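Undergrad: Just so you know, the sequences run in chain order A and B. For the first sequence, position 294 (counting from the first letter as 1) is numbered 294 according to this note's numbering, and the numbering increases by one without interruption. Take any residue in the second sequence, count from 1 to its spot, add 414: that is its number in this note's numbering.
For the record, the hints were derived by calculation from the structure and aren't laboratory data. The structure presented is a predicted model; accordingly, all values stated were derived computationally and were not measured. Glycine included, each C-beta is placed from N, C-alpha and C at the ideal position. Treat the hints with care, as some may be off.
Only part of the chain B face toward chain A is listed, based on derived beta-carbon distances under 10 Å [unchecked claim]:
#1 K439
#2 G441
#3 N459
#4 S481
#5 A489
#6 I503
#7 P504
#8 N509
#9 V510
#10 S515
#11 K526
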Amino acid sequence: MKNFYNFKVNNIKGLSAQEKEFRNKELDLFSKNGFPNRREEAWKFTDLNTILSKNFANIKNDYISLNEKKFELIKEFDHNYLFVLDGNLVSNEFKFEDKNKVLIKDYDYKNQISASNQNSLNLLNNALATGGYYLEISKDYKFKKPLVVYNHFSESIKEQIISYKNSLILNENSELTIFNYTDTNSKNNFFVNSFDYLKLKKDSNLKNIFLNKERCNCYFHSYLKNDLEQNTNLDNYILSTGLKFNKTDIEINLNEEHAKSSIFSALSLGSEEHQEIKTSINHNFKNCQSYQKIKNVLNDQSTGVYQGKIFVKQEAQKTDAYQLSKALLLNDNAEFDAKPELEIYADDVKCSHGSTSGSIDLNSIHYLKSRGIPEKEAYQMLINGFLSEILEKLPENDLKRFLIKKIGRQINGY
Amino acid sequence: MLNIKNLEAKVDNKHILNGLNLDIKPGEVHAIMGPNGSGKSTLANILSGKNGYKTKGEIKFDGQNLSELSTEERAQKGIFLAFQYPLEIPGVNTNVFLRTSLNSIRKARGEKEIDTLSFLKLVKEKSSELGIDEKFLSRQLNVGFSGGEKKKNEILQMKILQPKLAILDETDSGLDIDALRIVADGVNSYKNKDNAFLIITHYQRLLDYIKPDFIHVLSKGKIVKTGNAELGIELEKTGYTNFI
Chain A
1 MKNFYNFKVN NIKGLSAQEK EFRNKELDLF SKNGFPNRRE EAWKFTDLNT ILSKNFANIK
61 NDYISLNEKK FELIKEFDHN YLFVLDGNLV SNEFKFEDKN KVLIKDYDYK NQISASNQNS
121 LNLLNNALAT GGYYLEISKD YKFKKPLVVY NHFSESIKEQ IISYKNSLIL NENSELTIFN
181 YTDTNSKNNF FVNSFDYLKL KKDSNLKNIF LNKERCNCYF HSYLKNDLEQ NTNLDNYILS
241 TGLKFNKTDI EINLNEEHAK SSIFSALSLG SEEHQEIKTS INHNFKNCQS YQKIKNVLND
301 QSTGVYQGKI FVKQEAQKTD AYQLSKALLL NDNAEFDAKP ELEIYADDVK CSHGSTSGSI
361 DLNSIHYLKS RGIPEKEAYQ MLINGFLSEI LEKLPENDLK RFLIKKIGRQ INGY
Chain B
415 MLNIKNLEAK VDNKHILNGL NLDIKPGEVH AIMGPNGSGK STLANILSGK NGYKTKGEIK
475 FDGQNLSELS TEERAQKGIF LAFQYPLEIP GVNTNVFLRT SLNSIRKARG EKEIDTLSFL
535 KLVKEKSSEL GIDEKFLSRQ LNVGFSGGEK KKNEILQMKI LQPKLAILDE TDSGLDIDAL
595 RIVADGVNSY KNKDNAFLII THYQRLLDYI KPDFIHVLSK GKIVKTGNAE LGIELEKTGY
655 TNFI
C-alpha cells in the first residue's frame, strides 16, 4: 500500500546535528507503526490511520508560513493576546497586565519535554515540531484580564502536517484564564499535531478554555500534559466544535496534596465530524480531587468518543474523583462511544463514573411548543440547555457571555 | 369558542375517547370530572396537539379546525394547557423561557417583541400576585421545583401568555391548601368575559374556590352527565358509581 504521508526531518531548517539525530530517531520510532489504528486500545474508537488515508493523498511537512495575515480581535471583552499563525508566535500584547510579570518567547526545542506515555503522535510531534511559544507567569501575579491565544492557520495550507509545542508555567500563587481560540475556516485539508505542557506551581490557578470559531476541514490532535503541585486548581473547558476531526488527549498529574482539576466539555457535532476526548487523570498524591463532565450533541453521521481514565496510586488516599459523560443523539446514524476506566490502588477513595446517551425528550419538546415556541427553536433550546450546563461554573462575565453565544450559534445550525 | 363534536381517540388501538361532545363559550368555566382512566388527560393532550393519538370527529377553536394546527400554532392562537406534570427542562432559564414563549406568541400575532424592561415589569407583577419568589425565575425551568412550585409556575405562564382558553389538567393535585388558594385566586383574577376555562380535576375542593358554570362527568371516553356547580357537591358525596 502506498503511504499517504511523507515526512522528513530535513525539511526543518536550522537544526543542530544533535537535534537532527534526536528527531530522526523519533521519526523512525513513529514510522515503525505509522498512524495509530483501532487495534491500539487508546485508539479503539478512532481509527486515525483509516480516517487520514481516506482524506489525504500525501501529507508533507514542508509548509513555510509566509503571510503575516492581519487578524481580527474579539470585541466583546477586554483581553490580552498571543497571535499564533500556523503554530508560530507572531505577536503578543499584554496591555492589561504588568509586563514585568509575564515572560513570553518562542518555544525552546533544546529542552524538549515529552509526554510520559510515548504514543506515536507524540513521537511524530517530537520529530517534526517547530514554532510554538513559552509563557511564564511570575510568582503571586494574578492576571486582570483573560489571555486569548488566536490560533490561526493560513488558507493556503493543504495536505500538510503542522506540528508545534507550547509551554505554560504558572509560578506560585499566580492566576490566569487562557482562551485558546482557533479561528480558521480553511476549506483545505491539513493536520495539526500539537503538544502542550502546563505546569501549575503551588497555589496557582488556571482556567484553560478551548473553542473553535468556524467549521473547517481540519484534523487536529492535541496532547495536553499538565503537572499540578500543591493546592493548585486547573479547570479545562473544551468547546471545540466544528473541526472535521479532533482528538484531545489530556494527561493530568496531581502530584501534590490538594491539587484539583476538572474537565468540562460541551460539543455539538454534525455532518461526518469525529471528535474524541481522552483523559488520564493520575492521582499521585493523597487528598486530591478531579472532576470530569463531558456532554456531546451528535447529529447527522457524527461520532463522539470519550475515554476517561482515572488512576489512583496506592499512596493517594482520600482521593475524590468523578467522571460523567452524556450524549444527546439527534440522528440514528450518529454514534457515541464512552469508555470509563478506573485503576485504583488506594483503599480510602471516592471514585464514581457514569455514562448515558439518549435521544431528545419529545415530551419536553411538546411542553415548549405548547407555549407557542416553534419546533426548531424548541429543539435548539433543549440542545442549548443540555450543553450550557457545562459553562455554569465559569464566573459571570463578558467572556462567559461570549462563549454561551458562540455555543448557541453552533447549535443554531441544527 | 371551543366546539368538540363526536370526538374519538385511540392510542395503540385502545379506544380512549368514544364520541365526546363539548361546547365552551367565552366567559364560561367548565369542569370535567371522572374516574381514573376515563379519558380526561387524553382530552387535554389532544387539545394541546400532542402526538400519538389517532382521532376522529371534529374540534373547532374560534371556528378553525384544530387538527390543521400544530401545537405551537394552537398556543399562538390562544390555547393554553397547564400540564398535570410540568416538565423539567435542564439548562433553560425560566425567565428566558417565559420571554421566548411570550415573544413567539406575539410574533405569530404580528405584534412587536416585548422589550426587556416591560417584560421584567410584567413578570415581577404576575409572579408577586402568585407569591412566587423572583429567585425562582432565574433558575432552570422547573428543575428541582416542588410539586406546588411547578403548578404555580404553570399558572404564572398562563397569566403572562394570556390565552383565550386555559385548560387546567389536575392543577390541584399535589397542592397544599395555601397553594390551592393561591392558584385558584390566580385563575379567578384572570377570568373575564372573553376567555374560558376547562378544568380537569378529581376533586370538588378546587371547585370550592373556582366556581364552574358547568360540570361534566366523563366516563369511558364520553360525557355521561352535565350539571351545574351542585353536581360537584353531589359527586363528592356519592362518587361516580351512579354515572358509570
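Undergrad: Next, verify each hint and record whether it holds.
TA: Results of checking the hints against the structure:
no.: 1; hint: K439; verdict: 23 Å, violated
no.: 2; hint: G441; verdict: 23 Å, violated
no.: 3; hint: N459; verdict: 9 Å, holds
no.: 4; hint: S481; verdict: 16 Å, violated
no.: 5; hint: A489; verdict: 4 Å, holds
no.: 6; hint: I503; verdict: 6 Å, holds
no.: 7; hint: P504; verdict: 6 Å, holds
no.: 8; hint: N509; verdict: 13 Å, violated
no.: 9; hint: V510; verdict: 8 Å, holds
no.: 10; hint: S515; verdict: 4 Å, holds
no.: 11; hint: K526; verdict: 15 Å, violated
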